[in-house]
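Engineer: Each chain, written out:
2 protein chains.
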Amino acid sequence: MAERVYKEISGGVTAAKGYVSHAVSCGIKNPAVRRLDLALVYSTEPTTSAGVFTTNRVKAACVRVSKQHMRKGNVRAIIANSGNANACTGRAGIEVARRECSMVSQELGIQPNEVAVCSTGVIGLPMPMLRIEPRIAELCRGLAAGRGHEVASAIITSDTREKEVAVSFHVGGKEVRIGSCCKGAGMISPCMATMICMVCTDAAVERKALQEALREGVELSFNRITIDGDMSTNDTCLILANGASGVKLAPGRSGWKRFCEALQYVLLGQAQRIVQDGERVTKYVTVRVKGAPDRAEAKRVAEGVAKSSLVKSSWNGGDPNWGRIIHAVGYAGRRVREEKVDIDIAGKPACRGGVQADTPSDELRALVQADSFEILINLNLGKSEYTVYTTDLSPEYVDFNRSEYAYWNQAKQDGLTR
Amino acid sequence: MAERVYKEISGGVTAAKGYVSHAVSCGIKNPAVRRLDLALVYSTEPTTSAGVFTTNRVKAACVRVSKQHMRKGNVRAIIANSGNANACTGRAGIEVARRECSMVSQELGIQPNEVAVCSTGVIGLPMPMLRIEPRIAELCRGLAAGRGHEVASAIITSDTREKEVAVSFHVGGKEVRIGSCCKGAGMISPCMATMICMVCTDAAVERKALQEALREGVELSFNRITIDGDMSTNDTCLILANGASGVKLAPGRSGWKRFCEALQYVLLGQAQRIVQDGERVTKYVTVRVKGAPDRAEAKRVAEGVAKSSLVKSSWNGGDPNWGRIIHAVGYAGRRVREEKVDIDIAGKPACRGGVQADTPSDELRALVQADSFEILINLNLGKSEYTVYTTDLSPEYVDFNRSEYAYWNQAKQDGLTR
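For the protein sequence lines, the chains are A and B, in the order given. Everything in the first sequence is counted per this note's numbering, starting at 27 for the first residue and increasing by one. Everything in the second sequence is counted per this note's numbering, starting at 27 for the first residue and increasing by one.
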């Protein structure tokens, strides 16, 4: 990789010029715990915008409404909440999402379709609008620069930490910034994860080019991660570009490649943070497939290994079990030839030509005790590659996800669903 | 369903006339624990035979050799071991599997390709032929009627119990029997499970018809089950038919439908026993999809729900979480329309038209505390159906599968790989 032309900066989602934010606590999850759960990000300048959304056939109301708004034009405000996904909530859910956008737009003096809406939390529970609605005016009026970290806090759910990445680089002597925040820890599967990612840049980028840059960036980041193989109803990645840096960027022109590289760095950084913060898991594992006859086969094999319960369980136990890896290679691939498969675990040969390699098991085992390692699978059938970032599967993950029932029931009793 | 024309009988895999068996303990897993681990089933009469095998691209040596032998003609003996899968063992593994068949054939005075071989256990470890070879003569010489239960014991691994199903029915006043034994508890996924199933009937059935009856039976049984979504390298289902009952059966002739129904009952009974004995799991769940636009969509949705880690975790917690079920319906299906999806949990409406139904959550929750229940998903888009039998995902499953390393390492130190 060439030397990086960008550097990391602080400031999270509002690191770029011309962005303000605010977050409040509505008690969406639990009125007794005053944690931030409703956030707003706003560009003080007009923007272009782009978005990539879940491909789940069951889509949250917020995803449906944001997609509609983005088809009509550009958004320059994003309202987001945690604690309730506004998914499987029917027409009432759509009306709630629209009402949130409309109230924000009235306060800010913009059009309703200039507002996007994101929700994350429990599926199937009506949104507690009795708690959200009275706070929207305050949310809008408190908008200020330098408060990006509050947004990162307000959108997380089972995450154990905020996820912020921001970078800057120079084009023609002027500084361009890209800021972001992100959430996600469970229900994480390729295309895409249960995640919200907001990216704000002060470059000026034409809408179509922005969409293409985002699409490509997501393809190489959020579409390459899996924790539990479960694709969410709410995945949303949005980018706003407001031109406040005074730098105009376009494909083929000076600085474009730099912008795409920096955006890629931000998105991949966020995707990796999601995997590293996976619910109750203990390992960060890179599954790299090479030597595939085509990209589709490389992808099938990488995702198959990354999603195998038995492979993931063995990683949790620090067991360098190449037999389970090759068994998943065999059922996930369509053109695999067993006798050609090589597997390296953490840089050491574990399998050569479909049978055990010479590396002593103890040596492999010591390497798999690490928090992070790479599995390299060479199919030796061609030149295509694919990489997936994933985790182990832990008894604690299953235990953590055994029941949302107590929360659900409590929310109903507290009247939190209105 | 019409009244059953067959009745359950005892005797397991040797319940039918003209079959003998024997099992011995070679110490394949652990010389200190004298458990049965090598078994032989033999028809005293010539047979026709058929088999269905794993579609994993990585196939155990025993699968490759058995397939070759069955292409050449009919098999009338099956040698099977537990403790070592003879998978990913390269050319040496093939030679071992061939040597087992050749030694058995010499003892029995038949051709080597009249013997099929099955192995189940750890992948990637050489077969301990030093322990197996000296016992083969004894294995063959001890063949006797009424010892079917020993075979059922010898082939199980992480199973907690033997799996035997046998039935009899009458055709033209004569009794026909179908006996079987089976193993499987982990690495269980549709098409097919990590399982060995041996079926022996005393009907006479022409080879091609036998293959078709077996293929259809497996499609409706072993291809409909999943525990952990991991397809094995060793799956094998074999049927032998020796005509010892004096009854000839053929498609279109009297008794054929009865035979197919009885075979279906045996195979489905075995498939369900595998799921009920899933490694460290606590629930037996039937996922039935109806109203699909075509069978492929019904299958995608049923398998998607049955394989979802989050859905399975919620079942473990006794949580009637329809939100997670519909999220899996949405990512597994291609033509799902959210607003049409109905979900019943244990016979009660949980979701109607994509949103929560009226059944009180407490009532649903009580139903999901049971050891066994049905999830019925109606896509309301057509007339196709598909059913999958599955389990929850438990913290104990993950814990149980964390490490085979200790076993592996011990086996090497004990010289068990020779």
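For the record, the hints were derived by calculation from the structure and aren't laboratory data. Misleading hints may appear alongside valid ones.
The list makes no distinction among identical chains, and a pair is therefore deemed to hold if it is satisfied within one copy or across any two copies.
Said to hold, decoys possible - Below, computed lysine-lysine pairings styled on BS3-like, alpha-carbon distance capped at 25 Å:
no.	residue 1	residue 2
1	K93	K200
2	K366	K93
3	K366	K33
4	K200	K366
5	K374	K93
6	K85	K366
7	K316	K85
8	K200	K85
9	K283	K98
10	K366	K283
11	K200	K33
12	K85	K33
13	K98	K200
14	K93	K316
15	K316	K98
16	K234	K200
17	K366	K234
18	K33	K283
19	K33	K93
20	K98	K33
21	K283	K200
22	K374	K98
23	K409	K316
Engineer: Please go over all the hints and tell whether each is borne out by the structure.
Structural biologist: Evaluated hints:
no.: 1; hint: K93 / K200; in the structure: neither (33 Å within a copy, 69 Å between copies)
no.: 2; hint: K366 / K93; in the structure: between (45 Å within a copy, 21 Å between copies)
no.: 3; hint: K366 / K33; in the structure: neither (42 Å within a copy, 49 Å between copies)
no.: 4; hint: K200 / K366; in the structure: neither (52 Å within a copy, 53 Å between copies)
no.: 5; hint: K374 / K93; in the structure: neither (46 Å within a copy, 34 Å between copies)
no.: 6; hint: K85 / K366; in the structure: between (42 Å within a copy, 13 Å between copies)
no.: 7; hint: K316 / K85; in the structure: between (34 Å within a copy, 21 Å between copies)
no.: 8; hint: K200 / K85; in the structure: neither (40 Å within a copy, 60 Å between copies)
no.: 9; hint: K283 / K98; in the structure: neither (28 Å within a copy, 61 Å between copies)
no.: 10; hint: K366 / K283; in the structure: neither (38 Å within a copy, 45 Å between copies)
no.: 11; hint: K200 / K33; in the structure: within (14 Å within a copy, 85 Å between copies)
no.: 12; hint: K85 / K33; in the structure: neither (36 Å within a copy, 49 Å between copies)
no.: 13; hint: K98 / K200; in the structure: neither (32 Å within a copy, 76 Å between copies)
no.: 14; hint: K93 / K316; in the structure: neither (36 Å within a copy, 31 Å between copies)
no.: 15; hint: K316 / K98; in the structure: neither (41 Å within a copy, 37 Å between copies)
no.: 16; hint: K234 / K200; in the structure: within (23 Å within a copy, 77 Å between copies)
no.: 17; hint: K366 / K234; in the structure: neither (43 Å within a copy, 34 Å between copies)
no.: 18; hint: K33 / K283; in the structure: within (15 Å within a copy, 73 Å between copies)
no.: 19; hint: K33 / K93; in the structure: neither (32 Å within a copy, 59 Å between copies)
no.: 20; hint: K98 / K33; in the structure: neither (35 Å within a copy, 67 Å between copies)
no.: 21; hint: K283 / K200; in the structure: within (16 Å within a copy, 81 Å between copies)
no.: 22; hint: K374 / K98; in the structure: neither (53 Å within a copy, 42 Å between copies)
no.: 23; hint: K409 / K316; in the structure: within (7 Å within a copy, 43 Å between copies)
Hint compliance for this structure: hints 1, 3, 4, 5, 8, 9, 10, 12, 13, 14, 15, 17, 19, 20 and 22 are not met, and every other hint is.
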